[in-house]
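Using the hints, build the complex out of the two chains.
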Amino acid sequence: MSCGCCCTDNKSQELDKIIAKYKDSRGALITVLHEAQEVYGYLPLSVQKRIAEGLNVPLSEVYGVVTFYTQFFLNPKGKYKINVCLGTACYVKGAGQIYDKISEILKIKGGECTPDGLFSLDACRCVGACGLAPVVMINDEVYGRLVADDVPAILQKYIDQEAELAKA
Amino acid sequence: MIYRSHILICNGTGCVSSKAPAIMEKLQELLAANGIEKEVKIVKTGCFGLCEKGPILVIYPEGATYCRVSVDDVEEIVNEHLIKGRIVKRLLLGDPNVEDVSKSRDNVGFFAKQVRVALRNCGVINPENIEEYIARDGYAALAKAVTEMTPAEVIAEVKKSDIRGRGGAGFPTGMKWQFAAQQVSDQKYVCCNADEGDPGAFMDRSILEGDPHSVLEAMAIAGYAIGANQGYIYVRAEYPIAVQRLNIAIKQAREYGLLGKNIFGTDFNFDIEIRLGAGAFVCGEETALMTSIEGKRGEPRTRPPFPAVKGLWEKPTILNNVETYANIPMIILKGADWFSSIGTEKSKGTKVFAIGGKINNTGLVEIPMGTTLREVIYDIGGGIPNGKKFKAAQTGGPSGGCIPASHLDTPIDYDNLIALGSMMGSGGLIVMDEDTCMVDIAKFFLEFTVDESCGKCPPCRVGTKRMYEILDRITQGKGEEGDIEKLEILAESIKQGALCGLGQTAPNPILSTLRYFRDEYEAHVKEKKCPAGVCKAMLNFEIIADKCKGCSLCAKKCPVGAISGEIKKPFVISKEKCIKCGVCMESCKFAAIVKK
Chain A
1 MSCGCCCTDN KSQELDKIIA KYKDSRGALI TVLHEAQEVY GYLPLSVQKR IAEGLNVPLS
61 EVYGVVTFYT QFFLNPKGKY KINVCLGTAC YVKGAGQIYD KISEILKIKG GECTPDGLFS
121 LDACRCVGAC GLAPVVMIND EVYGRLVADD VPAILQKYID QEAELAKA
Chain B
1 MIYRSHILIC NGTGCVSSKA PAIMEKLQEL LAANGIEKEV KIVKTGCFGL CEKGPILVIY
61 PEGATYCRVS VDDVEEIVNE HLIKGRIVKR LLLGDPNVED VSKSRDNVGF FAKQVRVALR
121 NCGVINPENI EEYIARDGYA ALAKAVTEMT PAEVIAEVKK SDIRGRGGAG FPTGMKWQFA
181 AQQVSDQKYV CCNADEGDPG AFMDRSILEG DPHSVLEAMA IAGYAIGANQ GYIYVRAEYP
241 IAVQRLNIAI KQAREYGLLG KNIFGTDFNF DIEIRLGAGA FVCGEETALM TSIEGKRGEP
301 RTRPPFPAVK GLWEKPTILN NVETYANIPM IILKGADWFS SIGTEKSKGT KVFAIGGKIN
361 NTGLVEIPMG TTLREVIYDI GGGIPNGKKF KAAQTGGPSG GCIPASHLDT PIDYDNLIAL
421 GSMMGSGGLI VMDEDTCMVD IAKFFLEFTV DESCGKCPPC RVGTKRMYEI LDRITQGKGE
481 EGDIEKLEIL AESIKQGALC GLGQTAPNPI LSTLRYFRDE YEAHVKEKKC PAGVCKAMLN
541 FEIIADKCKG CSLCAKKCPV GAISGEIKKP FVISKEKCIK CGVCMESCKF AAIVKK
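As you go down the protein sequences, you meet chains A and B in turn. Take our numbering: the final residue in the first sequence is number 168, and no numbers are missing along the way. Take our numbering: the final residue in the second sequence is number 596, and no numbers are missing along the way.
Only chain B is shown next, with the shape it has when bound in the complex (with noise of 0.2 Å):
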């Protein structure tokens, strides 16, 4: 069936969230009523990536992007664009004047520094179904792999192609494959963590939810490569679309003999299982995720013995992070120099970053190593909202660091972001402006690591909590001289005695912002001052004699009656009756108000 037009229109979580089924359900039923069902295909695809934009549809062959598009547009929509063949303006992303409409997105920015690697299918195809994923070359990796390459030359070419591990930690990903070769066993594991637990990451997710055989495929390469037969994909239990649109991908893949016995006549078998995570942070780190599999609470265990020798059910296991695995296919087809001319000299490839916090484009972005976090953050993200100060972007979750405006041109790579106390991590990028206190952001990790420590090893366990504590205490202003210090003894003593990486890197989150904001640990402890006054317990309201008209809306607005004066004279606001909650400030029409 040939169709005159195509609709593609985003189905990512955030889309979802925000009524992308309605807007389905309405343009089907619009589009039955003027009898054009035939002639227009709806395409539900993955995550086109500027989620703040959406819903997100695109028309073709126009090539017309629609952002924020609401139910009650639809009907423009169909009537205009589809029936009389008129864009709809105004709901075109960027800007609405161009002459060619496809061009209409490319003065967001947002698109046109990226090069999408990991995410070439993301917002392309229908992620349910398999034949548009075969004919965007999907399989055909595997194919040539399992038909074509011997295990050891689909290893060479991953380890010729440098990749490194998009989990966080960096390690290269054809050595890991190589160590579990050697291994001489009866069964051997392929795992895939999809347990993406850091706070402001879901690269992994729209990955699943747009392209989910990419991971499959390489898993079976894999399991190739390797010599395993047998494949998990531990997912988090909160990505419900995620898991749905992978046990259809499987289904799919195993009907067309793609999972199974005998792939592509050959006598290699492979299979793949979902196991749902249930909650556990620490369930992210190899080990941990490994047990979890097995049924029992997903406590670390010491390595060496490491995974490739020793993992999943005490057989040698590799364990690959989702968007490592979405890069396999593309650098067994297109071959492992094409993969390393992307990039820098020790990070090959690119990086696909979730940008979330204080930034106008909030979204999911996919860029070579090596580009700065100022492209990212200005070019890409399109800057700070309300025209506030960049103050630093914190990467790597609750494991990275904070990194200041000084090292905004700084080219993204592992290494120089572990040079600067921050890491790489999953890929989550939260911007953060001159509102954010970076005490109270350490504190705010730290509350999370103390959560999701497991408890197993004393230094985690007991050591973040006192971290928390001492951290609480200055936020509430009661820092008492010499607790910076406290602060890094017990960072370093935790990073050197944790059992995993958990807790290793708890620390950070601390040790970076005391390494750039260390002004304002200061201000807090000695001067019992919040500089971004976000600090409660030291913040002040006081009313500007100068400025106050005594018009007393602010007192009628106090929930405490903390705010008294004479009509026309100025208002003063009592310290002792004050619980700061900001009403009077929100309320003035004269900025006579201020937070100290």
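Looking at chain A on its own, in the form it has when it is part of the complex (with noise of 0.2 Å):
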């Protein structure tokens, strides 16, 4: 059965697993969403409804639970997810700067993806690495005590490693 989005069939087999296996248990919904997009990377309409089938669900219950939490998303996001720590601590060490600095490098906003899906930007609570505020995170990575200087060179990282990935 085709679902219409970008989905591979090994995809959507796991998805009818992780189905399978909570459809019994209560309160579960959640836990099936946050395992759906680990495997899709993000929650579009379609697999909504292929949760909202198989768990006996109306869909308009699973759609509100994946936009009130900020960690459902409904949009792609981008190989290399930034996520600038805006919690007190970082804030009061000038998170707020490198958050703008990447996003006028990038020309993206919080919520956006660059155009060639490369890079998404948003501002994230506290991870608790105030220790090392102002803390950004790409991916796993997490980069502490910057300064908005150092954003060019961490965001040339990225491009050069994608670069090489490229001619190989």
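Careful, some of the hints might be misleading.
As the list claims (entries may be wrong) - Quick look at which bits of chain B chain A covers, simulated, 3 or more residues with Cβ under 8 Å:
id: 1; stretch: 147-155
id: 2; stretch: 270-279
id: 3; stretch: 347-361
id: 4; stretch: 568-576
What the hints assert, rightly or not - In silico negatives: residues of chain A with every beta carbon more than 12 Å from chain B:
id: 5; residue: K11
id: 6; residue: T31
id: 7; residue: E35
id: 8; residue: N75
id: 9; residue: K79
id: 10; residue: Y80
id: 11; residue: G94
id: 12; residue: K107
id: 13; residue: G117
id: 14; residue: E141
id: 15; residue: A153
As the list claims (entries may be wrong) - Derived PhoX-like pairs (lysine-lysine); straight-line CA-CA distance at most 25 Å:
id: 16; chain 1: A; residue 1: K49; chain 2: A; residue 2: K21
id: 17; chain 1: A; residue 1: K49; chain 2: B; residue 2: K296
id: 18; chain 1: B; residue 1: K465; chain 2: A; residue 2: K109
The hints are simulated quantities; they were obtained by calculation from the structure and are not laboratory data. Since the structure is predicted, the reported quantities are computational estimates derived from the model, not experimental observations. Positions of the beta carbon are idealized from the N, C-alpha and C atoms, including for glycine.
Structure follows, in structure tokens:
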């Protein structure tokens, strides 16, 4: 069955497995959404429909939950997900300037993705690494004790890495 | 197996972010290369507390604390310390010239005034090994409770200790347990609030990462006390390391029969499941948290009925915070009298604070209630960096407030902080210096609450938005006469009208900054000036003609060509063109540019 998005059959099989695993447990919707997002990287409507049918809950409820929580995405994120911590400790140490700098260089706003799909930018809540404030996370990599001038070199590292991959 | 040396290496989020895992790998590699991997044991522990100096590792038996260790330092540590027995002084924390190296860190001040109850095992044991927890009297409290005490005695002991909830509001824990125990029901639940959402707070995360079993043990004790057989830990998905260690801990506890059926051979059954949050601050509110565990939108509901009567899936439920639980085994083991001997009259025990912001020793500290803010900031925290002046300490996150310098000597406890217009909150303590604009900080927190308001009740959904708009206007230099009064009226109505704790406390950052820093608000509104020089719209960069040498450096650096003049004569900045980026001020070698 085609679900009308970019997913392959492999992914939809995994989704079915997730649904089957939690079908009978109570209050499992959020857990299923977490795991489904692991598979797809985001939660397109087609996936939400499948989950609604599988768990036998109304689609409106699934959509309601997805849009309530900030960690569920309706749109795909970049290959490199940039999260700038805007928790208080980072904020008073100048995280705002770092966020602006990244936004300026990549020409995207928070929640957006660069047209080439490489970077997406989000402000995030405290990641709990306040000792390293201000902190930026790019995927799982944490960059701490930053100043705005460090930003170009960090982004360039990923751009170069991509260029290398393209060559190879 | 007996080892001649033990290396304890911090694996809390802070140190992991600054490459602790790579340091461990390098250590393993070099120990093996030197053939001493069977003589030296590497123990990965939870947070030592002094995140500022991370990654931290401690080598025993000497007790040498090495800080800001990098992968490149590992070879020296192995060759010098572990092979030749010579301390690597340059990496030692504190005074490198003490006779007894284990004392080097004492003069940092950071550790001297702390009393570790909730954090007793953090940085001491490997959180992924249940036997290390058991060796530190772990699960002895659970054994004592289920085999020697009745549920009523357990509750009486907790009540007698006078412990109050560490999550924010400070409700007496024993009373909460008693309410739930009194309910007659076929099913009850024990929940743990590990949805630490306050920005700048990482106490609960550190406990879960450094000593997860203490929380499991306490939840089982609570289950025994109220007659519940199922527990849920609701933890933020932003804390992957904590989730992973909790999963390991639950699995081990089940294998050892410390969770599951017939615990300690009695007929007491108890098990725990983890539920992940998905990024919603309101889920830290108890009714919202339970709705979220049920897999729904995490919206709060009205109380009463309180969760102790109708909680998760409408069954009697108790919900306590991570730090509260971490204290419980010690209360059962050492007794309520011991616990209540620490602290002040109305706030017993210790409190863990995450200190951050403009402070030298960022990190995690546990202090007896009643310690003054001054001691925390100056003696433990090491004061403000770069010789700047202390301006305010923010506690309680978006629900709390700012405490000014005039109240630095107030002993910290629940009631004093509330009297000052702030609150204990979960324990985030952010220090601000003279460069922080208090109106901007109030706006920062309001932006947070507007974003996190679940939208269920209008006072919070609409009211916080209106307050934010007024603050935004003020910081843009467009404040109007009467704005401050409007803020006050709105704040009061939201406090009274909002449905849950999030809305009721949302005005606190505004009210407390207005209380202590009203002059700053007035300067913004009336004089259109930001005294701290933060609000860009009101800033003006000017060149002081007397100091300017006419070198033209600033004109070259200015990204918008707003600076002009003749060489060797004073330059001028065009106010129309200036975008207030501050590059000129940074580049000037003669301090001839000021912002006003």
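Each hint tested on the structure:
no.: 1; hint: 147-155; in the structure: violated (count 0)
no.: 2; hint: 270-279; in the structure: holds (count 5)
no.: 3; hint: 347-361; in the structure: holds (count 4)
no.: 4; hint: 568-576; in the structure: violated (count 0)
no.: 5; hint: K11; in the structure: holds, 20 Å
no.: 6; hint: T31; in the structure: violated, 7 Å
no.: 7; hint: E35; in the structure: violated, 10 Å
no.: 8; hint: N75; in the structure: holds, 16 Å
no.: 9; hint: K79; in the structure: holds, 20 Å
no.: 10; hint: Y80; in the structure: holds, 17 Å
no.: 11; hint: G94; in the structure: violated, 10 Å
no.: 12; hint: K107; in the structure: holds, 16 Å
no.: 13; hint: G117; in the structure: holds, 23 Å
no.: 14; hint: E141; in the structure: violated, 9 Å
no.: 15; hint: A153; in the structure: holds, 18 Å
no.: 16; hint: K49/A / K21/A; in the structure: holds, 17 Å
no.: 17; hint: K49/A / K296/B; in the structure: holds, 16 Å
no.: 18; hint: K465/B / K109/A; in the structure: holds, 21 Å
Consistency with the previously given hints fails for numbers 1, 4, 6, 7, 11 and 14, ordered from lowest to highest.
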